[in-house]
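K.L.:
Sequence order for the protein chains is A and B. Sequential numbering of the first sequence, starting at 1, is according to my numbering. Sequential numbering of the second sequence, starting at 1, is according to my numbering.
There's no promise every hint is true.
[As the list claims (entries may be wrong)] Straight-line Cα separation of at most 25 Å, DSS-like style, residue types lysine-lysine; simulated pairs:
1. Lys48/A - Lys351/A
2. Lys168/B - Lys393/A
3. Lys23/B - Lys393/A
Hints are computed from structural coordinates only; laboratory data are not their basis.
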Amino acid sequence: MSTQTTLSIDSNAVIELSRSKQEPEWMTSLRTEGLKLAESLELPKLEKTRIDRWSVSSYGTYKAQAPLASLDELPEVARGLASPNNLIVQRNSSIVHKQVAEELKQQGVIFTDLETALQEHADLVQPYFMKAVEANENQVTAIHAALWNGGIFLYVPKNVRVEVPLQALFVTDDAEASFAPHVLIVAEPFSSVTYVDNFVSSHTGGQLVQNGIVEVFVKPGAKVQYASVHNLGESVTDLTYRRAILENDGAVQWVVGELNYGNTMSDTTSILKGNGSDSDAKVICVGTDEQKLNLTTRAVHWGKASTSDMITRAVMRDGATAIINGITKIEKGATGCNGQQTEKVLMLSPKARGDANPILLIDEDDVKAGHAASVGQVNAEQVHYLMSRGIPKEVAQRLIIYGFLAPVVSEIPIKAIEEQLQGLVERKLGQ
Amino acid sequence: MANSPTFTIDGLKANVEGKEILKGLSLEIKGGEIHAIMGPNGTGKSTLASALMGHPKYEVTEGSVVLDGEDVLEMAVDERARAGLFLAMQYPSEITGVTNADFLRSAINARRGEGNEISLIKFIRQMEAKMKQLEMNPEFMHRYLNEGFSGGEKKRNEILQMLLLEPKIVILDEIDSGLDIDALRIVAEGVNAMRSEERGFLIITHYQRLLNYINPDFVHVMMQGRIVKSGGPELAERLEAEGYDWIKEELGIVDETVGQDEEEFKIPMNTTAPKY
């Protein structure tokens with residue numbers, strides 16, 4: 001049986017828009033191809049998750065958005081999430097604010113929206129766009145190729161080390177406007193950069209799909225830190241693919257906070273192509289109400305002596321369900337590599353459900369790989385110990401729950417993001 | 001003295017998983033006093049400690065426990081602690097993600113009450129001073145609670161909590177197990193420094209060793225879930241020299257333990273395993 005969904009996408013409008021924006025011909029044909037693929041491809045097959053039963057067809061239509069005169073014009077939820085320096089803001093379908101320091105430009109760093117990058121740096125975009133995640137993988141990636149809008153292009157030239165975090169803010173406050181940002185990062189050899197983004201929503205009605213793709217290209221010896229906090233409301237279905245391709249001695253660090261209120265599918269993958277490359281992924285998640293979450297972290301080792309570490313910690317409240325997958329794949333010939341993973345789920349309600357699925361696929365002998373997974377409730381012995389020091393039961397439980405997430409939260413490279421995550425976690429766990 | 005506490009245990013009986021382990025235990029501890037409870041393994045000593053603190057696994061069936069006129073058995077675990085009861089546990093829990101400092105500050109603030117929280121600076125100064133006193137590495141302040149601590153480090157951390165929480169009644173459950181001589185001395189010094197009219201101690205141990213460092217005023221021997229003999233420090237010395245057998249003989253006790261599984265299948269001595 002095919003799990004085809006009826007798509008509310010106007011093909012002609014997509015092509016026309018591409019033309020009117022004077023996108024390069026290859027982009028217009030990529031969009032056309034995406035539309036075609038979206039008709040024939042199926043939704044991704046997810047472990048123990050019937051994504052076809054989610055609200056996955058409301059993509060809205062492209063709506064041009066006027067640039068912001070001031071950041072104060074943003075909806076309340078989006079204010080104060082990012083410092084005003086080196087910040088790009090996407091509101092619904094378009095970029096509405098851009099502020100990048102002059103020094104960065106002088107160093108040759110390109111930090112701009114993807115639409116502008118297509119006009120000014122098409123030669124830098126084309127070799128990478130939809131190359132880590134391809135349009136033909138499934139219906140979601142195909143639709144993204146066709147519909148993507150706004151977006152970020154970050155290019156760091158060889159040997160340039162960007163010391164300040166570059167930030168993006170993605171805001172949806174119109175459930176009828178399409179919202180499909182694409183983030184493309186290229187870090188040339190021996191460069192380094194930290195990029196941080198936030199996803200927030202403020203809807204008054206209607207359903208919307210956030211179909212986002214992140215592609216990171218880490219060249220030899222380069223280092224990319226990527227932090228992302230998703231705090232989208234109940235009306236948004238969040239489908240996100242993040243994928244990094246690492247060359248020799250390249251390093252990527254993912255820090256992801258999955259703090260949405262709606263159903264969420266995310267897949268955060270590092271392809272360790274180069275020898276000695278290193279990937280570190282940390283994901284925290286809090287599930288509430290009837291939320292359904294399917295979160296995957298994945299490391300694919302091709303390079304010799306490449307290393308990966310993946311940690312996911314999820315707290316499930318109410319009737320929330322989380323399927324947490326960790327996949328370590330070691331290809332033949334990737335000798336001397338080391339892949340580790342841990343998935344832990346803490347359940348706060350008898351109706352909550354959590355599955356931790358560690359998967360090791362190893363085709364080489366001379367490697368190290370390890371996994372740890374656990375699903376459980378708040379430990380009664382620990383609660384007793386804290387209470388025996390005078391701490392009331394509710395406070396004791398809260399300490400233990402925050403403590404469960406702390407090993408991930410405390411390793412976040414940017415203090416402001418750490419505090420923000422802490423605040424969001426508190427809000428989701430509140431009461 | 002107004003601040004000198006009185007802690008009275010009267011006819012205490014308690015079950016663990018339906019089995020009666022404490023069989024009517026009575027004891028009174030006053031401020032300034034150090035009581036030692038000694039006895040072989042399996043006689044109910046640790047059950048006494050856990051039942052007094054209110055561990056959910058231990059069900060008190062009879063008797064009373066009163067601290068300064070207040071019914072301890074009616075209190076939840078955290079209320080007992082705030083009333084001034086402290087148990088240094090034999091096996092403290094490890095809690096990931098909660099730092100020692102955060103934990104202790106929460107505990108101190110719970111005791112002080114809302115609106116009267118300790119300032120961060122003052123707290124850190126106090127904690128540093130007490131850690132120095134116990135010769136603890138300052139990094140333990142920011143380590144996760146007991147996680148990866150050695151046996152001795154956990155025990156020192158229990159004493160650190162006692163020093164900072166300044167309880168009225170301190171119960172030390174086998175605080176000497178797993179300690180080397182140096183650690184034992186440091187722990188004992190910590191206890192001795194806390195000795196005052198405002199505080200009473202109940203020290204549970206099965207070795208006399210600890211009592212070389214902490215001089216008890218009273219020594220009690222526990223067998224079969226109750227106190228079978230009490231005396232002064234000389235009793236501990238005699239136990240050290242002669243063991244427990246003379247007490248068993250004196251009282252006609254064959255098996256001093258309580259609640260041990262007697263139904264366990266034992267291979268009769270006169271059989272051999274089948275040969276293949």
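K.L.:
Each hint: holds or not?
P.N.:
Going through the hints against the structure:
A threshold of 25 Å between alpha carbons decides the hint, and for Lys48/A with Lys351/A the separation of about 17 Å falls inside it, so the pair holds. Under the criterion of a C-alpha separation no larger than 25 Å, the hint pairing Lys168/B with Lys393/A is consistent with the structure, at around 22 Å. Distance restraint check for Lys23/B and Lys393/A: the Cα-Cα separation of roughly 30 Å exceeds the 25 Å cut-off, and the hinted pair is therefore not satisfied.
Hint violations for this structure: number 3 only, all remaining hints satisfied.
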